[in-house]
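Could you slot chain B onto chain A? The hints should help.
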Amino acid sequence: MEFFERFAVPHPSPAIYASMVAIGLTVIAIVAGLTYFKKWGYLWREWLTTVDHKRLGIMYLLCALIMLFRGGVDAIMLRAQLAVPDNKLLDSQHYNEVFSTHGVVMIMFMAMPFIIGFMNYIVPLQIGARDVAFPRLNAISFWLFFMGAMLFNISFVVGGSPDAGWTSYFPLASNDFSTSVGTNYYMLSLQIAGLGTLMTGINMITTIMKMRAPGMTLMKMPMFTWSTLVANLIIITVFPVLTVALAMGTMDRLFGTNFFTTTNGGMDMMWANLFWVWGHPEVYILILPAFGLYSEIISTFSSRNLYGYKSMVASMVIISALSCLVWAHHFFTMGQGALANSFFSITTMAIAVPTGVKIFNWLFTMWKGKIRFTVPMLYSIGFIPLFTIGGVTGVMLAMSAADYQYHNTMFLVAHFHNTIIPGVVFAMLAGLTYYWPKMFGFMLNERIGKWTFWLLSIGFVLAFFPMYITGLDGQARRMYTYSEATGYSTLNMVSFVGAGIMAVAFALIVYNVYYSVRYASRNISSDPWDARTLEWATHTPVPEYNFAVVPQVKTSEPLWDAKKRKHVLFPGKLNKIHMPNNSGVPFILGTIFFVWGFSFVFAIWPLVIISTIGIFTCLAFRSFEKDHGRYISLEEVTETEEKLGGAK
Amino acid sequence: MKIKSALFMFLITITTVLAGCEPLMVLDPKGPQAERQARDIMLSIGIMSFIVIVVFAILVYVLIKYRASKQSPDYEPPHIEGNPWVEAICVGIPVLIVAYFSFVSVQSNYIVEATPKGYEDKEPLVIYASSSDWKWHFSYPEEDIETVNYLYIPTDRPIEFKLYSYGPITSFWIPQLGGQKYAMSDMVTTLHLAADEKGEMMGRNANFSGKGFAENMFNVTAMSQKEFDEWVEEVKETADPLTEEKFDKLLEPGHLGQMTFTGTHLEFSPAPEHDHESSESDSEETHEGHTEDMKMDEENSEHSGH
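Keeping their order, the protein sequence lines are chains A and B.
When we follow numbering that gives the first Met the number 0, the leftmost residue of the first sequence carries the number 0, and every step to the right adds one.
When we follow numbering that gives the first Met the number 0, the leftmost residue of the second sequence carries the number 0, and every step to the right adds one.
With the rest of the complex left out, here is chain A (with noise of 0.2 Å):
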């Protein structure tokens, strides 16, 4: 039996029992589904062993859509838990699990996803591509990334969750201080989705390097093409340091080893400049995608071009440089003295300027335009005004001196989700409802998109904003709770009702999915949006090979060119397209890293061990494996072609 104990959960509560009901019923109801509806050699032929950059990518967002709701409830938890003073919802140690995980899950298992899954769909069509440099790797990153996601999300009913913080801070992460389990989900899991990012990063800069259209020069490619160059340039620099760091700190919890100890010659500092040094290029990471797509988005709906192209260019690099130099004021507090908080200090203001000429371009590529207030557009005005007051609170956070008194409390819990949330998911939701028809071959409905847009801005502001006056008030983050007489309870109960209204909002999301669903017109053009870039010059739903003819290019936005200016975009003929044939590798190695995973988070060493050697299999058996990709014929390419309504 004692075999078995450690995988019970150290502080069980009716909530965990509920989800443990709640996942084993959902997976029954899968399986059962799949197998009524015989769906399972479908899942496994069009999916599972998928290798198509549009699948991956749609896989991608389902998993981000799906951890937004995971991560929302925590937030939703902990939001109900400080509503009220001395409030008995959650204890101590569930409160700090929960903003653990939230933590967590947020970050890298919605964001990433989010922003990965749109390079994964829009980069190859809007350079003109046919699929990524290295689709099979792809589907690598993507089983990586999912199965890195499995074991955080199972560690909540087997063996217990992260406790430590998302920053996970020795020595309060070592086996010391955190003696549950968690902490090893954190490190392996991460560990895990990390790799599956890091080839990413070296597919997506391959691609982009490699695969655009004739014509197409870097400075003629779209604006979120050239963020997903940057980010993925910043992803296989600092990634490196955080697969570094989680080793160490895997080391430290498994081994006894002393990397980040405070005795034996130990540095609990190092990890928290590790974690930053990888952790802080990461929000750029996130936000320069973001940033892509309001471009993208912005210059549609203002049916002009994107004003400033090579100042947004260089903002874009000199962000990405900088973002590089500026870890240390995550922790101006642990006494580094003046000196370097000082350089620290500039170097992170100094990110404000190229930011701010993002914002000046935005604006002016609205101005002499012709607005219309789709639902992306929403989303895309609403970022600007929030996202301005987020980054100029970046800036007070900067003044290093000052910073003593922001660290560490609400007002930075404000400063971050004003940019991530207005920054990010606004992003990834305008991007969504965009790309939308081009994916699924229907429009979201407007309607509900606006409500949707409304309450998820009411309430972003109703939930945070009040959050600077607590913080600047004395409420430290990360407090299970407070006493009545601290004064914050009212502020607090209007962050809760905040976080109520953007529940709503989410809800709503999948409901307008459901409502398009089944109402939604099928008879759409490819091109719904009247855009100007190449995603939208292929046909709807897009075909596997995306472009039966490569496109020639002569500015950064061909589509408009050929709109309106009688460029030819398709010169050449229809001719045999080469594919890269479908693979189970990539779903079965991410299997077994869950497996190796798993066994490393409980130390099972022979299964640590079989793992292990499945995993040198799987590479060995790629290296021996004779797989030249296929040819779709001429036959078939015409006939696609003319039943997608006319060769383009």
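For the record, the hints were derived by calculation from the structure and aren't laboratory data.
Positions of the beta carbon are idealized from the N, C-alpha and C atoms, including for glycine.
Hints are not guaranteed to be accurate.
Simulated crosslink set (DSBU-like; lysine-lysine; CA at most 30 Å straight-line) [to be verified]:
(1) B/LYS64 with A/LYS562
(2) B/LYS121 with B/LYS197
(3) B/LYS64 with A/LYS449
Listed next, with one range per pair, are the computed distances between beta-carbon atoms [to be verified]:
(4) B/ASN218 with A/ASN86: 21 to 29 Å
(5) B/LEU42 with A/THR216: 39 to 47 Å
(6) A/ILE614 with B/GLU80: 38 to 46 Å
(7) B/ASP73 with A/MET492: 46 to 54 Å
(8) B/GLY81 with A/THR256: 52 to 60 Å
(9) B/ALA56 with A/ASP90: 47 to 55 Å
(10) A/ASN522 with B/LEU42: 43 to 51 Å
Below, chain B without anything else, positioned relative to chain A:
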């Protein structure tokens, strides 16, 4: 637009709160360091509000003037590449603002990291503030007394806090006297504060340190030097001595009320003021205090070769 009105309401609330009856703790300084920080905060709020208003104004103007419903159906927006002068202004003004802030920031950094202004010629009071799960221990080496979870300080005298931790990283914070600084178990950090006026204040650990973090607070009382001296005398006469055995008991994870002792733990468990080698022995002692909490403890000592 609804966001705008919500934001406007927010600004109104903030101003009423700032100007009103109950001032926010951080903006209600009782010492020179907190005053400098509050000044920086208000300055940045002012300039930043100006930037936000400019962005709002441009946005509202553009949205009203160029929305599609206002324009003729055959209006074709022009192709505009960008204008070097406009872009120079968009870079130039933020650069000026950031430069000004950098100047203020660097200046403030050196101010908050030194003996408070106006107190340079007075002899500082040194207090060792150490945290353990989830308490604060305040040692007054010159007075040779120690308190738990409460802090008495004299006004009009610079205070030099020497911070370290018997556990996870914590952050020592008395918002009304000045900003926080980390306390860590393998080095000592220094925080310079001073109190201008008498009164009671809230102090707490601001950095998440586990289960008992929320209650990890202490009371601060600032009093005149005379009252402080009287208090020290009283403690010396009435309080029990702090023994090593007693101190190890105090270190056990949990919450304690306010306590007072004569003598300090610095004698038998000195602060980790030097390099790692010398701090190793006291850290080992720390571990003994936590035994029930630490599964890995035995393994650790094996590895450390003691």
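Here's how the hints hold up against the structure:
| no. | hint | in the structure |
| --- | --- | --- |
| 1 | B/LYS64 with A/LYS562 | holds (26 Å) |
| 2 | B/LYS121 with B/LYS197 | holds (18 Å) |
| 3 | B/LYS64 with A/LYS449 | holds (21 Å) |
| 4 | B/ASN218 with A/ASN86: 21 to 29 Å | holds (24 Å) |
| 5 | B/LEU42 with A/THR216: 39 to 47 Å | holds (46 Å) |
| 6 | A/ILE614 with B/GLU80: 38 to 46 Å | violated (51 Å) |
| 7 | B/ASP73 with A/MET492: 46 to 54 Å | holds (53 Å) |
| 8 | B/GLY81 with A/THR256: 52 to 60 Å | holds (54 Å) |
| 9 | B/ALA56 with A/ASP90: 47 to 55 Å | holds (48 Å) |
| 10 | A/ASN522 with B/LEU42: 43 to 51 Å | violated (58 Å) |
Of the numbered hints stated above, those contradicted by the structure are hints 6 and 10, listed in ascending order.
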